[in-house]
Each structure stands twice: as C-alpha cells, then as structure tokens.
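In order, the protein sequences belong to chains U and H. Plus 60 on top of the position in the first sequence (first one is 1) and you've got the numbering used here. Plus 842 on top of the position in the second sequence (first one is 1) and you've got the numbering used here.
It is possible that part of the hints are untrue.
[What the hints assert, rightly or not] Across the chosen pairs, the derived CB separations fall in these ranges: (1) TYR1039(H) <-> GLU277(U): 23 to 31 Å; (2) PRO263(U) <-> ARG900(H): 52 to 60 Å; (3) PHE208(U) <-> PRO915(H): 21 to 29 Å; (4) LYS1025(H) <-> LEU295(U): 45 to 53 Å; (5) ARG279(U) <-> GLU1040(H): 27 to 35 Å; (6) VAL1029(H) <-> PHE208(U): 23 to 31 Å; (7) PRO854(H) <-> GLY130(U): 51 to 59 Å; (8) PHE208(U) <-> ILE997(H): 24 to 32 Å; (9) LEU914(H) <-> HIS205(U): 27 to 35 Å.
[Said to hold, decoys possible] Over the 10 Å line for every Cβ pair with chain H, so calculated as not near, a few chain U residues: (10) PRO67; (11) THR70; (12) GLY87; (13) GLU96; (14) PRO103; (15) ASN104; (16) ARG138; (17) ALA197; (18) ASN235; (19) PRO238; (20) ARG241; (21) GLY284; (22) ASP288; (23) PRO304.
These are calculated hints, taken from the structure and not from any lab test. From a predicted model like this one, the values you see are computed outputs, not experimental measurements. The beta carbon of each residue, even a glycine, is placed where N, CA and C say it ideally should be.
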Amino acid sequence: MINVTEPALTISGLHFAYPDGREALRGVDLTLAQGERVALLGPNGAGKTTLVLHLNGILHGGPGRVEISGLPVTPSDRAAIAEIRRRVGIVFQDPDDQLFMPTVAEDVAFGPANLGVRGTELDNRVDEALSAVGMSAHRDQIPHHLSFGQRRRVAVATVLAMRPEILVLDEPSSNLDPASRRELAEILESLPVTVLMVTHDLPYALELCPRAVILDEGRLVADGPTVDLLADRSLMSAHRLELPFGFDPVAALASRRSPS
Amino acid sequence: MSTPLYLDRESPLHRLSPEVKIAAVVLFTVVVVVTPRTEFAAFGGYALLIAAVAVLARVPALWLAKRATIELPFVLLAVALPLAGHGERVDWHGLSLSIDGLYGAWNIFAKGTLGVLASLLLAATTTMRDLVLGLDRLRCPSVFTQIMTFMLRYIDVLADDARRMRIARLSRGYDPRFLWQVKAFAVGIGALFLRSYERGERVYLAMLSRGYTGRLPQTTSGSAPVREWAFSAMLPVAAAGIAVAGLVLT
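Using the sequences plus the hints, can you model the full thing?
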C-alpha cells in the first residue's frame, strides 16, 4: 500500500494563525523521505508545536497542504483523519499527559482499540510495542509508579502500538537523566519508521538525526545535514540556537563515526 | 489505585467479577433498609450474614471495625434522638428517654452499620479500577465511568503537584501559623486548578492524536459467568429470606 518512493511527509505552503490573530506559521514547505530521521530545531515560540499539531489534523484551517504518504490531511473527512492519526504517532513532551489510562497495558491498547483492533490481536500489539521499548515487565503497573524515563518510553510505546509511519517526538530528551536519554536514543535508532524530532537538545539531534531543519517565526530558515547547521555559527546565533559549552559538532560526529 | 479501603488477599470474593459484587451489595442494602425497624431478629440475621461474608473474604474484624468508624457522626446523631424525641417516655438511670426516639436511634444505628459494613467488604475485595469496570458493565452511563477512570489516573499526579507547590512555598519561608496566613494556600489551590485545567486540555489533545472519537474503547469484553451471579445472589436472597421469615413469624 505504501509506495516506497512516495515521501513520508509533504508539507507545502502551510500557513496558520491563531484566533487571536497571532501568525504561527507563515508558509512552511517540508518533505521527509521514508525512513528519514529529521530534527526540527528552533527557538521557543517559533511555531514548532503548531507545526506538529498540523501533521495529524488537530490544528488546521490556514492555507497550505499536508500529506502523509500521499494521503492529504483533511480534517472534515472523519475516516481519512482516523487513518492519518494512525500513520502519524505523536509523543508529547509530558508523559503524564499521554498516559491517562489506569495501567500501562490499557494505555498502550488505547490507540489500537480506537482503530478497531480487539482481542488477541490487541494483546499482541501491546506486547510488541512494550517489548520494542523494553517495558514488557511493567505491563500491569500504574503509570504513576514508573520513573520519568520509563514513562517516556511507555509514551513512545503507546504510539508504536498504532504502527505509525511517522513518529513525531516533542522534546524526547527533556527531563531525562543521561542513562535514560541514551536508552531512548537506542530505542529510537532501532525503530524502522520515519522520525521527526522537535528538540532544543542539539547534541541529541546530532546523534539521532542526519538531517535538521530550523523553524523561526513561522518559516523554515534552514534545511540541511545536522552537523552543517550546528557548525554554522552565524546561522545558529541568528535564530537563538546555542550549543552546550565546549560542544564541537564536527568533532562529536567524527568521534562517533570512528569509535576508538 | 490501591486505596486504604482495599485489602489485598487471596479469597473467593476477591476473585469474583466486580459487577456481581456491586449488585449483591446494593440489593442487600435495599433489603436491610426496607426491613421494619422492630424486626430485631432479622437484623441479627443480617449481621450473621455479614460476618460470614467477612470470613469468606478473609477480612479481619478489627480491620473492618476501624474503617467502620466513618459512621460515627451518624451514630452521634442517633444518640440525640431518644433524648430529644417526643411521645411516650421511659426512665433509665435517671434519664427520660423517648420510646419513639429509641426506635429511631436503633433504626439508624442498625441499618447504617450494616450498610457501611457491606460497602466496606465490597471495597476490601475490589480494587478501585475493578469497581469502575463493574459499574461500566452494569451499564452505568459512560460519562460517569470515564470521569472516575481519569480521577483514578490523575489523583496521584495532582497530589504530587500539590506537594511540590507546598515544598516550594515552605522553601521560600512560608510558615502558616495563623488563619490569616492561609492566603498563599488559597492561591495555591487556584493555581492547582489552573494547572489541572491546562493538563486536561493537553491530555485531550494526546487522546485525539491517538484516534479518540468520544468513547473510551471497550477493550475488556465479556461479563461475569452465570455461576458468579448465582454465587453472589446468595447474599441478597438470604437477606430477603430472613426479612420474609421475620415478617411471617411475628
């Protein structure tokens, strides 16, 4: 059903203004190939979250077009939007917002159950998604009793259970300790899906995403290999992006390519 | 989800489906309430039934008694009735008591205690999660069961929020000793409300993103087998038997 040559995501000329008149998106064009991992960078208030909420039709109404593997996002068409929400899995920043059911397994089952999956097939989906994030042992636990890193991983599982084509992550590394951060990176690298990762964590973007785009004031102002963008000092400072103290993106990437 | 009212034990009653337990307790309570207050023997019979259920559920008497103290305010009200009641009076240790009031007090005390004990036994053998599930299967309107489901999930998150806000207040030298210092606390409650409201919006977005269309999916299918219904029906049926027997014999 999915044409491999078809882009996973196509956004063209997307505009959006909030009801109070604030323009959040002023003409965004972006294409993601199947299986690509792309970082969406930008300062606070650049419109990153607004853009993400357009990918599955939660926000809409401005001019422009969004297509997920060739299927246009048309919020008025209920059947189409259900399919879009299956294809686009959004992992929100606060796992407590994402995990609202009483147990881990029920929460992971929520998405596929909304798609009409039932019975053993549903159980299989839950097992598969939980094992993909290494949380099978916590199946029947209460989300509140898990550590923050574990909750973030379960949040990833809740969308994996819907077998998405694009995984959209909003600040996946925020509030994680370094070990949880690395574990999540390993999980994300192992997944065979297209990933769009919204983040302020530039080293994390470099580690996981070969390509990055910078969104500022509702426009895409840069698009290229992550290491090139991060190494471009004038571009970075023009858009309030700063690397952590002492971090050299070129050296970091080189050291990863040739592990000693 | 584990409340102080739930007692984690292995017993046949813990294994029963929640809906049959809820139905049994409700019916039992109805039978108790409609029993005329003068049927003293019948109330004794009900108490024996409750004791038998407690033994079956392996709930210790002391554990029950402690939690039954929630009933005390009502008992205090009942104590006032014989003193304040009208009509024929008797003298007892120098106190003049109204007979009608005595019956009234007995009525409140006996029916209240039996009802509280039955509810406690239900709570002791059923987790909150299962109670909601049971209500759902008993065709309780889904808007109520959904609200309860979310409450179960977020009550701890809210409590944590409140705890963090309290620590933040204390860390900035807030030390409320007098009533007029509660302003910060009151403002904190307001902030907590706003936070919860905003969280509600974010949760809703997350639900929409996973295909929510206004109904929580019914993932746990099937209901209790007839055997369980028959087993749990023994409680209200026995109670009704006692009530009828009491009425016929007197």
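Hints versus structure:
| no. | hint | verdict |
| --- | --- | --- |
| 1 | TYR1039(H) <-> GLU277(U): 23 to 31 Å | holds (29 Å) |
| 2 | PRO263(U) <-> ARG900(H): 52 to 60 Å | holds (56 Å) |
| 3 | PHE208(U) <-> PRO915(H): 21 to 29 Å | violated (42 Å) |
| 4 | LYS1025(H) <-> LEU295(U): 45 to 53 Å | holds (49 Å) |
| 5 | ARG279(U) <-> GLU1040(H): 27 to 35 Å | holds (28 Å) |
| 6 | VAL1029(H) <-> PHE208(U): 23 to 31 Å | holds (28 Å) |
| 7 | PRO854(H) <-> GLY130(U): 51 to 59 Å | holds (57 Å) |
| 8 | PHE208(U) <-> ILE997(H): 24 to 32 Å | violated (19 Å) |
| 9 | LEU914(H) <-> HIS205(U): 27 to 35 Å | holds (33 Å) |
| 10 | PRO67 | holds (21 Å) |
| 11 | THR70 | holds (20 Å) |
| 12 | GLY87 | holds (24 Å) |
| 13 | GLU96 | holds (21 Å) |
| 14 | PRO103 | holds (21 Å) |
| 15 | ASN104 | holds (17 Å) |
| 16 | ARG138 | violated (8 Å) |
| 17 | ALA197 | holds (18 Å) |
| 18 | ASN235 | holds (14 Å) |
| 19 | PRO238 | holds (23 Å) |
| 20 | ARG241 | holds (22 Å) |
| 21 | GLY284 | holds (29 Å) |
| 22 | ASP288 | holds (32 Å) |
| 23 | PRO304 | holds (27 Å) |
Checked against the numbered hints given earlier, the structure breaks hints 3, 8, 16 and satisfies all the rest.
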